[in-house]
Structures are given as structure tokens and as C-alpha cells.
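Trainee: Residue strings, one per chain:
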Amino acid sequence: MNDKAPISRGFGSGRRAQTPKDRVPPGQYVTTDFPVLSAGPTPQIKVEDWTFALQRGGSLIGKWSWAEFEALPQTTIKTDIHCVTKWSKLDTVWRGVTFDDLLKAAGVGEPAAPYIMAHCDGGYTTNLPIADLIGAKGMIATRYDDLPILPVHGGPARLLVPHLYFWKSAKWVRRLRIMEHDERGFWERMGYHNYGDPWKEQRYDGD
Amino acid sequence: MTATETATASGRRLEWQVAEVSEIVIETPHVKSLFLHVTGWQGHLPGQHVDIRLTAEDGYQAQRSYSIASAPEDELLTLTVERVMGGEVSPYLVDELRAGDRFQLRGPVGGYFVWTVATRGPLYLIAGGSGIAPLMAMLRHRERRKAPVPTELLYSSRSLEDVIYPEELDAMAQHDRNLHIAYTLTRKQPEGWVGRRGRIDKAMLIEAPFPPPSKPNIFVCGPTPFVEHVSNLLVELGHDALAIKTERFGPTGA
Numbered sequence: 001m002n003d004k005a006p007i008s009r010g011f012g013s014g015r016r017a018q019t020p021k022d023r024v025p026p027g028q029y030v031t032t033d034f035p036v037l038s039a040g041p042t043p044q045i046k047v048e049d050w051t052f053a054l055q056r057g058g059s060l061i062g063k064w065s066w067a068e069f070e071a072l073p074q075t076t077i078k079t080d081i082h083c084v085t086k087w088s089k090l091d092t093v094w095r096g097v098t099f100d101d102l103l104k105a106a107g108v109g110e111p112a113a114p115y116i117m118a119h120c121d122g123g124y125t126t127n128l129p130i131a132d133l134i135g136a137k138g139m140i141a142t143r144y145d146d147l148p149i150l151p152v153h154g155g156p157a158r159l160l161v162p163h164l165y166f167w168k169s170a171k172w173v174r175r176l177r178i179m180e181h182d183e184r185g186f187w188e189r190m191g192y193h194n195y196g197d198p199w200k201e202q203r204y205d206g207d
Numbered sequence: 001m002t003a004t005e006t007a008t009a010s011g012r013r014l015e016w017q018v019a020e021v022s023e024i025v026i027e028t029p030h031v032k033s034l035f036l037h038v039t040g041w042q043g044h045l046p047g048q049h050v051d052i053r054l055t056a057e058d059g060y061q062a063q064r065s066y067s068i069a070s071a072p073e074d075e076l077l078t079l080t081v082e083r084v085m086g087g088e089v090s091p092y093l094v095d096e097l098r099a100g101d102r103f104q105l106r107g108p109v110g111g112y113f114v115w116t117v118a119t120r121g122p123l124y125l126i127a128g129g130s131g132i133a134p135l136m137a138m139l140r141h142r143e144r145r146k147a148p149v150p151t152e153l154l155y156s157s158r159s160l161e162d163v164i165y166p167e168e169l170d171a172m173a174q175h176d177r178n179l180h181i182a183y184t185l186t187r188k189q190p191e192g193w194v195g196r197r198g199r200i201d202k203a204m205l206i207e208a209p210f211p212p213p214s215k216p217n218i219f220v221c222g223p224t225p226f227v228e229h230v231s232n233l234l235v236e237l238g239h240d241a242l243a244i245k246t247e248r249f250g251p252t253g254a
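Chains X and C supply the protein sequences, listed in that same order.
Just so we're aligned: 110 in my numbering is position 110 of the first sequence, and the numbers increase by one with no gaps anywhere.
Just so we're aligned: 101 in my numbering is position 101 of the second sequence, and the numbers increase by one with no gaps anywhere.
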């Protein structure tokens, strides 16, 4: 165990313009690009075939077609996003349906169970506490920069939970399942942190 | 997916360790391999990566992820790094770093883009440029273990001088009838080039010895547009999307 950092002579000359520390979490760098990280091929889903479901335990409590989903109240947010692979992107603009509005549309007052599993096309899953979605903290986004989200970036719809590392903002989301007990999702089972707060640098298990 | 379970069993924190550069090998005009000695390295699975952290004299730090190119059986940990123009970390690693230098590293990380000789079924590897690095870890592991797993590598490079590990790959294929390697050069081909020309297309993928019914384990690694293109073609050809594991890097091109 050696936490002493050796100095790299001559390193740092090519460093990027310093971004205020209150904008960029530790270990991150700012990019203007929009990198793509996915574990498999990009699912190509037509909105005509798309549905979105909300489940509590095993029972379905809400289901929407694309047109029905588009008719729900729409919210626009501007936010910074932080990927566990070290890039951060500032001032990204998303539009979609907040989790609060989704619950309301399903006629659910209080979520009644503390955890969520997001299920996606391609078999991807991710888990998070429901508290991290309510109060306008999370949404199902269908637009990026006013345009439909490209398939490589999770279109037609992705979860957006920008205060956690971006793997929690699951691409190609199709179903949210409210759970009594926490379960681990895809990356969370593979050694990544169960919660993933970028400001605490919770990249991997035990961080 | 037993490999996956092995990769993630711990739950302990991945601590920063110090890596010392033992040797640097020039692979191509833009690519070098760093051979690292890491005291107490806990081992890795082929396909996994590490995080590295560099510290400048004024305390400024930067982190990046790099795939491991060496086999778990090898003594030194190898990272193969391509210089990204305008990059902050890769130009330092490729142009400034010297044998004897030290920096921080932690890992291994990632349990999905992983293959070991214990995995059933043929192995089908498709690399674009420096995307060969994690696939090389798989090929080296396969060779060290003398595993007769039927394996195809389809490797796309810009030009012959951009091909990484050519001698080692040819030597591997020469004495192993279960390993076949096909190269394609996209921009420039030398006179008398008998390999393939141009970007990977449907025809090249159909020629590969593993049609969908043979249920190969497919690993695609390279720049984002390359991986998108190839993995979409594989799905169109009827390969099971869940059998295609991908690792993308660099800008989207979009």
C-alpha cells in the first residue's frame, strides 16, 4: 500500500484550462465531445415499437406508448454530467418526463418502497435509491439539445440522474421497477460502486 | 460467466499502487507499449483495464483508463498507449515517460469485456487501431495456456506501419492452426499487399469462419464509429447481440 504519489517530471504542460473545482468532481476532466461507452451493440428501437413501464415489485402500475409518454408533462433541465471513465461535460440540456410526473401519471402518491431497478434494451440494468429520483432529481429523457436522443447516446429514451456517475443514467431504458430491497445492476455487480457519487469519487466497490 | 464472478468477488477498495516503468517499446509512429513493474499486483483477467493517475510537480493530477495488453501469466503489466493529439495524458506517456519513471495505478477494473480459456465457444476478435490492446491480452493468455480454442482476429489499421504487434501476431498464428488472423488496411496498402483493403464491411464479416450458429464469443474494440459500424453489421448478420461485447474509445465522430 503506497499512497504517496510520485511526481511525473514534465507532466502537466499539456493540461487543459482549469475548470472551477466546484464544477468538476475529483479525477474528472472536461470534454466538449460526447464520448460513447456501451457494453454491447447499440439497440435500434423505433418509437412505434417503444413502450415504457413502471412496476412495483412484480405488478405493473403504469405503461405508456411513445405518444402517451410524449403527452406527459415535459421538463427541460440544464446540468453537468460525469462519466466514471473520467470525462465530464458541462451545461448539457435534456428534456423529458421527471420521475415525479411519472409517479403522478401512474396515480402513485408515495413510492412506498425505497429502491429502483432500471431495465433496458440490450439487457442492461442499474439500481438506485428512489430518493435520488424524486424531487426533480431524475427523469426519463427523450431529447438532448432539443433533438431526439441519438441511439448511441441512449435514444429514444434514457434515464437521467446527473448527480450520480453517468452509468446510472441508463441508456435505452424501458422499465423502472420499484423494489423493497436493494439489488445490484449490471456494472454494480462487476465491481463498480453501488451508489456512485462523483463528488466522493465512488467509482468502484469500496471507494 | 465465471470469469466475471472471479473479477468482482472482492468488494475491497482498489488502492492506488506505484507502477515503475521497466521498459518502453516503440510499436508504431504513434504507439508505444509500457512494460510496468507493479509490486504486489493482484493479477487481472484478459480484457480488463487499469486507471492511471499522474501527478505534476505542482500537485496537479490527472486520471485516465488504459486497457491491459499483457496476459495474466506475464511477469510485467503492459499498457499499449496511442498518442492522442491535443491530449493531456497520452502525449506524456508516449513522448516523455522513460524507463525507471514511476506513476500511480489502480485496478484491475471491468468484468464484462473479459475472456479466459475457460470460456466455451469460438473466440472472434475484431480490432480497430489501438483497440487491439485488450484483445492482445486475450490472445497472449490463449497462447501462454496453449488453448486450442478456435480463434479469428480481424484487425483493421490505417496502414501497414500502423499495425501494432505484427511480428508477435504472425508468430502466434504460424504455429497455431486454431488461430487465424486477417488484416485489413484502410488508407494505404504497400505494393504487393495480399491482405484486405478498406474498412471492415459485411463481406469481410461473412468470410470469417464463425457464422451465427457457431455461437462465437465476439469482442469488438476500437474507436466509437468503428465499433458502432462493426457491431451493427454483426447484429444484421444474425449474431446474438448479447454475445457481442464492445469497448469504445475516443470521440463519437457524430
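Simulated from the structure, these hints should not be mistaken for lab results.
There may be inaccurate statements among the hints.
[What the hints assert, rightly or not] With a Cα cut of at most 25 Å, we get these calculated SDA-like pairs of lysine to any residue:
hint: 1; chain 1: C; residue 1: LYS245; chain 2: X; residue 2: ASP145
hint: 2; chain 1: X; residue 1: LYS4; chain 2: C; residue 2: ARG144
hint: 3; chain 1: X; residue 1: LYS46; chain 2: C; residue 2: GLU236
hint: 4; chain 1: X; residue 1: LYS46; chain 2: C; residue 2: HIS229
hint: 5; chain 1: X; residue 1: LYS86; chain 2: C; residue 2: GLY250
hint: 6; chain 1: X; residue 1: LYS200; chain 2: C; residue 2: GLY59
hint: 7; chain 1: X; residue 1: LYS21; chain 2: C; residue 2: GLU15
hint: 8; chain 1: X; residue 1: LYS46; chain 2: X; residue 2: HIS163
hint: 9; chain 1: C; residue 1: LYS32; chain 2: X; residue 2: LYS200
hint: 10; chain 1: C; residue 1: LYS202; chain 2: C; residue 2: ALA173
hint: 11; chain 1: X; residue 1: LYS86; chain 2: C; residue 2: GLN63
hint: 12; chain 1: C; residue 1: LYS32; chain 2: X; residue 2: GLY12
hint: 13; chain 1: X; residue 1: LYS200; chain 2: C; residue 2: ALA173
hint: 14; chain 1: X; residue 1: LYS63; chain 2: X; residue 2: ILE45
hint: 15; chain 1: X; residue 1: LYS4; chain 2: C; residue 2: ALA99
hint: 16; chain 1: X; residue 1: LYS86; chain 2: C; residue 2: VAL18
hint: 17; chain 1: X; residue 1: LYS21; chain 2: C; residue 2: ALA99
hint: 18; chain 1: X; residue 1: LYS46; chain 2: C; residue 2: TRP16
hint: 19; chain 1: X; residue 1: LYS4; chain 2: C; residue 2: ARG13
hint: 20; chain 1: C; residue 1: LYS245; chain 2: X; residue 2: ILE45
hint: 21; chain 1: X; residue 1: LYS86; chain 2: C; residue 2: LYS32
hint: 22; chain 1: X; residue 1: LYS137; chain 2: X; residue 2: HIS163
hint: 23; chain 1: X; residue 1: LYS4; chain 2: C; residue 2: GLU236
hint: 24; chain 1: X; residue 1: LYS200; chain 2: C; residue 2: GLU15
hint: 25; chain 1: X; residue 1: LYS200; chain 2: C; residue 2: ARG13
hint: 26; chain 1: C; residue 1: LYS245; chain 2: X; residue 2: GLY12
hint: 27; chain 1: X; residue 1: LYS200; chain 2: X; residue 2: GLY109
hint: 28; chain 1: X; residue 1: LYS46; chain 2: X; residue 2: LYS200
hint: 29; chain 1: C; residue 1: LYS215; chain 2: X; residue 2: ASP145
[Said to hold, decoys possible] One-sided and incomplete, this derived list gives chain X residues near chain C with beta-carbon spacing under 10 Å:
hint: 30; residue: VAL36
hint: 31; residue: GLY40
hint: 32; residue: ALA53
hint: 33; residue: GLY57
hint: 34; residue: TRP66
hint: 35; residue: THR85
hint: 36; residue: ALA105
hint: 37; residue: ALA106
hint: 38; residue: ASP207
As the structure is a prediction and not an experimental result, all values here were calculated from the model.
Note that CB positions come from ideal geometry on N, CA and C, so glycine has one too.
Trainee: Would the hint on GLY57(X) stand, with a C-beta cut-off of 10 Å toward chain C?
Mentor: violated (26 Å)
Trainee: Between LYS32(C) and LYS200(X), is the straight-line Cα distance small enough, at 25 Å or below?
Mentor: violated (33 Å)
Trainee: Answer holds if the nearest beta-carbon of chain C is closer than 10 Å to that of THR85(X); otherwise answer violated.
Mentor: holds (6 Å)
Trainee: Hint check: LYS245(C) vs GLY12(X), CA-CA at most 25 Å. Holds or violated?
Mentor: Judged against 25 Å, a Cα distance of about 34 Å means the pair is violated.
Trainee: Holds or violated: are the alpha carbons of LYS245(C) and ASP145(X) at most 25 Å from each other?
Mentor: violated (29 Å)
Trainee: Does LYS215(C) pair with ASP145(X) here, judged by a C-alpha cut-off of 25 Å?
Mentor: Between LYS215(C) and ASP145(X) the Cα gap is close to 40 Å, so the pair fails against 25 Å, i.e. violated.
Trainee: Would the hint linking LYS200(X) and ARG13(C) be met if the CA-CA limit is 25 Å?
Mentor: holds (14 Å)
Trainee: Is the hinted pair LYS63(X) and ILE45(X) satisfied, with a Cα-Cα distance of at most 25 Å?
Mentor: holds (17 Å)
Trainee: Between LYS46(X) and LYS200(X), is the straight-line Cα distance small enough, at 25 Å or below?
Mentor: violated (38 Å)
Trainee: Taken at face value, is the distance from the CA of HIS229(C) to the CA of LYS46(X) at most 25 Å?
Mentor: holds (19 Å)
Trainee: Could you grab the alpha-carbon distance between LYS245(C) and ILE45(X) and see if it respects the 25 Å cut-off?
Mentor: holds (19 Å)
Trainee: If you draw a straight line from the CA of LYS86(X) to the CA of LYS32(C), is it 25 Å or shorter?
Mentor: holds (22 Å)
Violated hints for the displayed structure, listed by number in ascending order: 1, 2, 8, 9, 13, 17, 18, 23, 26, 27, 28, 29, 32, 33, 34, 36, 37.
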